[in-house]
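Visitor: Here's the letter readout for the chains.
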Amino acid sequence: MPKLPAILTLITSLVLGVGGVWIAYNVDMLPEGASLNAPVYDELYRVLFIIGSILFIGMTALVIYSLIQFRRRPDETGDGIDLEGNISLEIFWTAVPAIVVLFVGLYSYDIYDRMGGMQPLMHDHNSQMESQSERVWGGIGSGPIDTSSVKNSSSLPIELTAMQFAFIFHYPKGDIISGELHVPIGRQISLKMESKDVIHAFWVPQFRLKQDVIPGQPTILNFTPTKAGNFPIICAELCGPYHGGMRSNVIVDEQEDFDAWLRENSKETI
Amino acid sequence: MTLSLKPSNSPPDKLQPTGWLKYLSFSLDHKVIGLQYLVCGFLFYLIGGSLAGAIRVELTSPLSDFMPREVYNQVLTLHGTIMIFLWIVPVVNGAFGNYLIPFYVGARDMAFPRLNAVAFWLIPPSGLMLITSYFINGAAQSGWTAYPPLSITTPAAGQIIWILSVLLLGGSSIFGGINFIATILKLRRPGLKLMQLPMYCWAMLGTSILVVLSTPVLAGTLILLSFDIVAHTGFFNPSIGGNVIVYQHLFWFYSHPAVYIMVLPAFGLVSEILPIHSRKPLFGYTTMVFSIMGIVVLGLVVWAHHMFTSGTPPWMRLFFTIATAFIAVPTGIKFFNWVATLWGGKISLNSAMLFSCGFIINFVLGGITGVALAQVPFDVHVHDTYFVVAHFHYIVYGGSVFVIFSSIYHWFPKFTGKMLNENLGRFHFTLTFIGFNLCFAPQHWLGLNGMPRRVAEYDPQFQLINQISSFGALLMALSTLPFLWNVIQSIIKGVEAGDNPWEALTPEWLTTSPPPVENWEGEAPLVLEPYGYGAKDINKTPEQRK
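Sequences listed follow chains A and B, in order. Numbered according to this note's numbering, the first sequence terminates at residue 270, and the numbering increases by one at each position without gaps. Numbered according to this note's numbering, the second sequence terminates at residue 546, and the numbering increases by one at each position without gaps.
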């Protein structure tokens with residue numbers, strides 16, 4: 001293989017690297033973030049986007065360059081160079097992807113941990129609701145995330161029952177049943193989910209969270225909203241003919257507004 | 001079994017029809033069976049493609065207004081099932097495998113010719129059965145994944161026909177896999193070592209190991225599912241104590257390796273095409289072999305990355321993240337080796353090369369999004385969204401289907417003795433490449449921003465991007481026309497190709513085009529260096545190089 005001049009290699013790598021970072025910071029492909037783990041998610045997304053852009057542009061450029069540089073000219077006959085392999089090159093492009101993949105794996109483990117994925121489930125509210133034999137699986141964010149920034153550290157339990165083709169929320173406190181999810185800003189929500197019929201999934205793109213809602217197997221999803229607003233809840237598991245229409249809203253309110261909503265709808269005095 | 005070096009002297013079988021009728025017969029000739037797979041697969045591709053067109057038409061508007069919702073779910077189920085089980089798997093394995101493997105190992109046919117014919121003839125009836133289920137009582141509507149309890153609660157007739165059809169296709173696949181393993185390991189011409197085989201043999205050996213290990217698991221799972229539907233057992237039915245997650249584990253134990261069953265043979269085919277048109281040896285033969293086997297081993301232990309949001313325990317999520325991400329290493333080696341194969345060559349940028357290089361670019365993007373999807377925290381946002389739809393179409397269309405077209409341009413002269421028209425081929429590539437990227441690249445954005453997959457209606461803010469995507473799909477549909485015209489035209493009055501138009505060294509080119517029934521008139525050639533291109537040997541003929 002003809003040797004590339006070192007300076008050219010360096011410049012190409014620099015251009016690719018800077019280009020990758022520029023693309024990752026300037027091409028915004030994500031919706032706004034509205035939960036505590038959204039910024040953590042976006043950080044991971046950015047790193048993956050940088051690595052991906054460098055790799056993709058680099059490989060594409062290499063293929064196109066080869067096709068142009070080594071094209072058969074009209075007057076040419078015969079074969080290309082007699083090159084069957086190169087051990088040091090092979091070691092190089094085995095080692096580099098291995099290191100990159102290892103880095104990405106460890107980094108995403110760290111992100112996963114920061115999102116609360118590795119922490120044991122908190123059973124403060126739920127342990128009374130279910131027998132010990134029942135298996136409860138946590139979605140990501142099943143533990144508390146960085147509680148220092150959370151105003152109210154005790155989590156608010158809400159039950160979600162999914163059915164074809166609706167989400168029904170039940171607030172144990174006040175015994176409220178609602179088709180929309182009302183939550184206060186800055187407080188951890190502990191959503192205990194179970195399906196009545198087929199598998200559904202609870203997805204709020206602005207929270208960067210998704211967890212299947214499974215019949216016969218309760219799942220728990222914890223999250224902390226950080227931004228007031230109205231965000232879509234989307235069913236993300238094919239659940240029947242009206243799957244596309246199975247949507248609801250999560251309304252994130254200031255604490256006072258949420259308390260007012262709770263008082264208004266409560267069946268019992270709080 | 002035909003291990004003899006010399007052609008058999010037995011008179012031609014009177015029962016075997018000749019002429020074009022042999023393609024409709026229970027022929028035992030591996031070349032006829034290969035072409036049967038190819039043409040049959042392509043017909044199903046046209047059906048599956050029409051279904052995709054119907055999906056894209058529905059999605060040009062945010063409302064469910066083109067077809068009834070139940071029909072939409074049937075269409076997406078049929079689209080997935082047809083494209084996987086009746087087009088890509090049979091063509092990259094059955095079609096090219098049957099045609100090429102006996103040549104590559106120096107045999108006169110496959111190890112078990114009758115089993116081979118049975119494997120092919122299972123496909124048309126099961127495919128027809130699957131499609132006609134739509135007209136009987138409605139086809140299955142629970143997606144190609146058929147997750148219970150949805151698959152248990154939707155109308156039973158369609159679902160049961162779907163199960164039966166997939167079982168037959170799985171059986172066909174297992175027969176094929178056993179046949180390829182036996183042929184590659186046992187029918188090699190004396191004097192030919194495993195490490196001298198063309199790369200496609202290794203790809204098919206690896207793929208067949210995956211087929212034989214994982215397809216029976218799918219068969220068992222679907223049989224249990226059919227019990228749940230017909231006999232009201234409770235394996236997967238939660239209302240009587242069944243477990244829906246167990247189904248997902250069993251299903252993906254086959255269906256993730258199925259991805260490698262679709263792409264590994266494509267990797268093998270590209271490894272044959274690139275050296276010939278670059279006039280260079282395949283770069284890094286040994287590492288290519290080891291990376292294929294590495295992908296086979298890793299491919300068997302990554303299935304749960306499809307279930308990160310299903311309620312899997314944290315430790316399991318972590319293991320499958322790491323295992324999945326590591327597939328990028330052997331896959332990366334292959335891609336770097338292909339680029340190194342191009343490097344320093346004398347490249348003829350014909351249609352076959354265009355599609356192969358298009359494959360490299362598309363697949364790199366699909367691989368990158370694949371590594372991203374393997375990361376649990378990333379996946380919980382985009383799982384089951386259009387981001388995933390984009391990712392796997394970059395793998396199976398941008399990857400496997402591009403390679404199928406590349407292979408058709410490359411081997412058409414061998415199949416028919418005629419050349420395909422180059423200009424039409426380049427037009428076909430341009431239209432396909434632009435249409436494909438226009439269709440699927442924007443879907444990454446759709447998924448990240450909140451559009452789930454398998455929906456007939458969506459948030460109106462996504463309409464414009466969906467229309468762009470549908471326009472891309474239209475270009476893809478149109479790109480089939482120059483291809484079909486080219487094939488028909490070339491069969492009737494194409495330019496004579498001669499025996500070896502590419503001056504290739506692999507054994508299928510060292511015979512007439514199309515080849516005789518037993519592949520070579522005389523003794524099977526012993527090709528010890530299938531990739532012996534290169535300037536050093538420029539003056540030697542293939543015979544001298546041996």
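Hints are supplied without guarantee of correctness; some may be wrong.
Just the calculated beta-carbon pair ranges, DEER-fashion [said to hold, decoys possible]:
#  : chain 1 : residue 1 : chain 2 : residue 2 : range
1  : A       : D42       : B       : W485      : 43 to 51 Å
2  : A       : I11       : B       : R426      : 42 to 50 Å
3  : B       : V230      : A       : E256      : 36 to 44 Å
4  : A       : N86       : B       : T60       : 23 to 31 Å
5  : A       : I11       : B       : W121      : 26 to 34 Å
6  : B       : N423      : A       : L16       : 32 to 40 Å
7  : B       : Y23       : A       : G179      : 54 to 62 Å
8  : A       : G179      : B       : Q463      : 51 to 59 Å
9  : A       : R73       : B       : N423      : 16 to 24 Å
10 : B       : F135      : A       : R73       : 33 to 41 Å
11 : B       : E503      : A       : I11       : 54 to 62 Å
12 : A       : H170      : B       : T233      : 56 to 64 Å
13 : B       : L185      : A       : I11       : 43 to 51 Å
Every beta carbon over 12 Å from chain B, so not counted as near; a handful from chain A, in silico [unchecked claim]:
#  : residue
14 : T12
15 : D113
16 : I176
17 : E264
Keep in mind that the hints were calculated from the coordinates and are not lab data. Even for Gly, the Cβ is constructed at its ideal location relative to N, Cα and C.
Visitor: Note whether the CB distance of N86/A and T60/B lies within 23 to 31 Å or breaks it.
Guide: The hint (23 to 31 Å, Cβ to Cβ) is violated, given that N86/A and T60/B are roughly 50 Å apart.
Visitor: Starting from the hint 56 to 64 Å, judge whether the C-beta atoms of H170/A and T233/B obey it.
Guide: violated (33 Å)
Visitor: Go ahead and decide if the range 43 to 51 Å is satisfied by the Cβ distance of L185/B to I11/A.
Guide: 49 Å Cβ-Cβ, so the 43 to 51 Å window holds.
Visitor: Take a look at whether the Cβ-Cβ distance between E503/B and I11/A falls inside 54 to 62 Å.
Guide: violated (38 Å)
Visitor: Holds or violated: is the Cβ of I176/A farther than 12 Å from all Cβ atoms of chain B?
Guide: With a cut-off of 12 Å, I176/A remains clear of chain B, as the shortest Cβ separation is near 26 Å.
Visitor: Could one say that the CB atoms of I11/A and R426/B fall in the range 42 to 50 Å?
Guide: violated (33 Å)
Visitor: Are D42/A and W485/B spaced within 43 to 51 Å by their CB atoms?
Guide: holds (49 Å)
Visitor: Quick check: does the Cβ-Cβ distance between Y23/B and G179/A fall within 54 to 62 Å?
Guide: Since Y23/B and G179/A have Cβ atoms about 59 Å apart, the given range 54 to 62 Å holds.
Visitor: Evaluate the given range 16 to 24 Å for the C-beta pair formed by R73/A and N423/B.
Guide: Holds, since R73/A and N423/B (Cβ atoms, about 20 Å apart) stay within the stated range.
Visitor: Beyond 12 Å from every chain B Cβ: check whether that's true for D113/A.
Guide: About 9 Å separates D113/A from the closest Cβ of chain B, which leaves it inside 12 Å; violated.
Visitor: Would the non-interface assignment of T12/A survive a Cβ cutoff of 12 Å against chain B?
Guide: At about 14 Å from chain B, T12/A clears the 12 Å cut-off, so the statement holds.
Visitor: May I ask you to test the hint 36 to 44 Å on the CB atoms belonging to V230/B and E256/A?
Guide: The hinted range 36 to 44 Å is violated for V230/B and E256/A, with Cβ atoms some 57 Å apart.
Going through the hint list in order, the structure does not satisfy hints 2, 3, 4, 5, 8, 10, 11, 12, 15.
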